[in-house]
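Residue numbers (this note's numbering), protein chains in the order written: chain A, 3 to 247; chain B, 2 to 411.
Simulated from the structure, these hints should not be mistaken for laboratory data. It is possible that part of the hints are untrue.
Said to hold, decoys possible - The following label-pair restraints were derived from C-beta to C-beta distances:
| # | chain 1 | residue 1 | chain 2 | residue 2 | range |
| --- | --- | --- | --- | --- | --- |
| 1 | B | T282 | A | S18 | 29 to 39 Å |
| 2 | A | N64 | B | V386 | 31 to 41 Å |
| 3 | A | Q183 | B | V386 | 49 to 59 Å |
| 4 | A | A227 | B | A325 | 40 to 50 Å |
| 5 | A | P38 | B | K403 | 41 to 51 Å |
Claimed, not checked - Partner residues are not named here, just some residues of chain B that face chain A (Cβ under 7 Å, in silico):
| # | residue |
| --- | --- |
| 6 | D6 |
| 7 | S13 |
| 8 | Q17 |
| 9 | N48 |
| 10 | I316 |
| 11 | L320 |
| 12 | A322 |
| 13 | T323 |
| 14 | P324 |
| 15 | P404 |
Where is the CB? At the ideal position from N, CA and C, for every residue including glycine.
If you want the building blocks of each chain, they are given just below.
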Amino acid sequence: MLQTENMIHLRGLHKSYVTGSNSLHVLKGIDLHIAPGEFVSIMGSSGSGKSTLLNILGILDNYDQGQYTLAGNPIVKMSETKAAAFRNQLIGFVFQSFNLISFKNALENVALPLYYQKISRRKRNQMAMEYLDRMGLADWANHMPNELSGGQKQRIAIARALISKPKVILADEPTGALDTQTSYEVMDILKEVNAQGITILIVTHEHDIAAMTNRIIRLRDGVIAEDIRNGEVKKIKEMAFAAAI
Amino acid sequence: MFDLDKWQEIFSTIRQNKLRTFLTAFSVAWGIIMLVILLGSGYGLENGVRKEFEGDAVNYLSINPGMTSVAHKGTKPGTPIRFTNDDRDLLARMPGVTASSARTRIFGNGIISYKNEYGAFDIFCCHPEYAQVESLVMTQGRYLNHSDIENTRKVVALGRIVAEALFKNGEDPLGKYIKVNDVLFKVVGVFDDPGGDRDMSRIYIPISTAQKAFNRGNSINNVCVVMDGATVEQSRQAEEAIKQNLSQRHHFDPNDTRALFVFNTINEYQRFMSLFAGIRTFIWIIGIGTIIAGIVGVSNIMMIVVKERTKEIGIRKSLGATPASIVGLILQESVLITAFAGYSGLVIGVVLLELVGNNMPNVDYFANPEIKLDVALSATLLLIVSGVVAGFVPARRAASVKPVEALRDE
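Only chain A is shown next, with the shape it has when bound in the complex (with noise of 0.2 Å):
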């Protein structure tokens, strides 16, 4: 039972853009195997194709060649109607610009997971308030997002990717716009919701952040140039550190 093995299983994925008569191959091929409960970043400089891999695993965007399994599910050219729903259910965005709807207000966003999944109002609400109060914004509920600073914005996000309950965390740069102190207590609440069996992936730049994590995946040209599990992360680190000195 490979599936239920790998809560993200991919196999020669291929991705490229065509745009007029260029074709821009941006995944060449890769196969990659996360387990559940992994909490994975992958790095890359931009062009290595991160952010492509990204949207094809949060079923944003398709891919050309290859397979891909979400949870035991295949995925495959789709219906809009059914990738939403496994969007719904499977996985929690988070992004580098928060993306929370400017009007309305930190509770609502929060909620609007639950709204495509058709709960009722006062649940969804009820629930809403819980994932807030667990980010510690339960004040800020009536807040609009312009009103919110970053870490804020950042937490109501993260609160609406969990409402869902979902499989998967995907995160594209969550700490891009924030200063050091802010992206530190995000990954602190990151490191929290994965100690909780959630799977979660980031793409991100920024070496720190990427050392949270228990595993670096290193993209570069399309390809997968390195493949870091934790405690080699350490071993690294303490080599870049003798070296140093």
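Given chain A, work out where chain B should sit, using these hints.
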């Protein structure tokens, strides 16, 4: 449709863009106001003309003798045609004729008096059936009857205005004797005529009595035949038959246009009514054109809305919004704007029409501009349909937005 959350979403986006929404709504409301005013005025015109016809029945033919203009079977040109009681009897027997009456007007010194009150009024000498031609409504007593004709009774029916002029201080005219050209007539009834004041400044006396009392032998001026339930075609055929019959009797050329004048109200009425049907169609075309301009406006605005909300739509999709829910969101907003604006326009238009209708001086051929309930309802329905049409293309566009592209949109 009755999803509270969806409504809240729509209201919050509308609040975001008050001016834009207002301008969009205004273009639709304006279209509807124009349509209502156009339709109302069309009805006003129609009502006005209908009112002009209302005084008389619209199912009779009035036949007036003229003067020959061509020689025919020994009749010289310039010979006046004179009708007698026999002409009325002849026409009464024609197929399709349901009632008929002779009519003779006594002009000029028609002095009518009661005690010290007197006045000059038109004197009409007719058969009882004439009440049908004039659409008379008796307010007191009765109209002339057959027994009056047979017994040449000196009885008279007064128009309301005549009665008011002769009988002051609320005196009851019934049973009183008035003098008509120095001959005493007994008042048997008072009538109203929807045709207006002129038609109520008349008195009616039996034709047989008039012929005797005023030395008119058996001559009559005119014959009116009522053809109840006749179609335009039937009335035209009857017109032809009347010309044929009378031309034989009076020895004139049936094609002589000066010898006989037939006024066919059935035909006239139908002509007006089909004219109004035409005007109505024309108004609807213009009105719908105006509304289409409004719809294009709404569609355009919704297009911009979709463009502006691309990112938001992307976020929603990443959170699990289905294409159907996105289409619903845009469509519902479009329907809401058009329906609300359209309904406001409808109300404003109707109020304007009422104001105009109530404060307008009494003019011929225009009365009671109004809009009927069924028209208002179909306009409302039209609006909801237009809202759907206006929102459809933008909604489709919104639903087809790829989430990854939408999220990239800054």
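**OP:** Of all the hints given earlier, name the ones this structure violates by number, lowest first.
**Re:** Numbers 1, 5, 9 - these are the hints that the structure violates, sorted from lowest upward.
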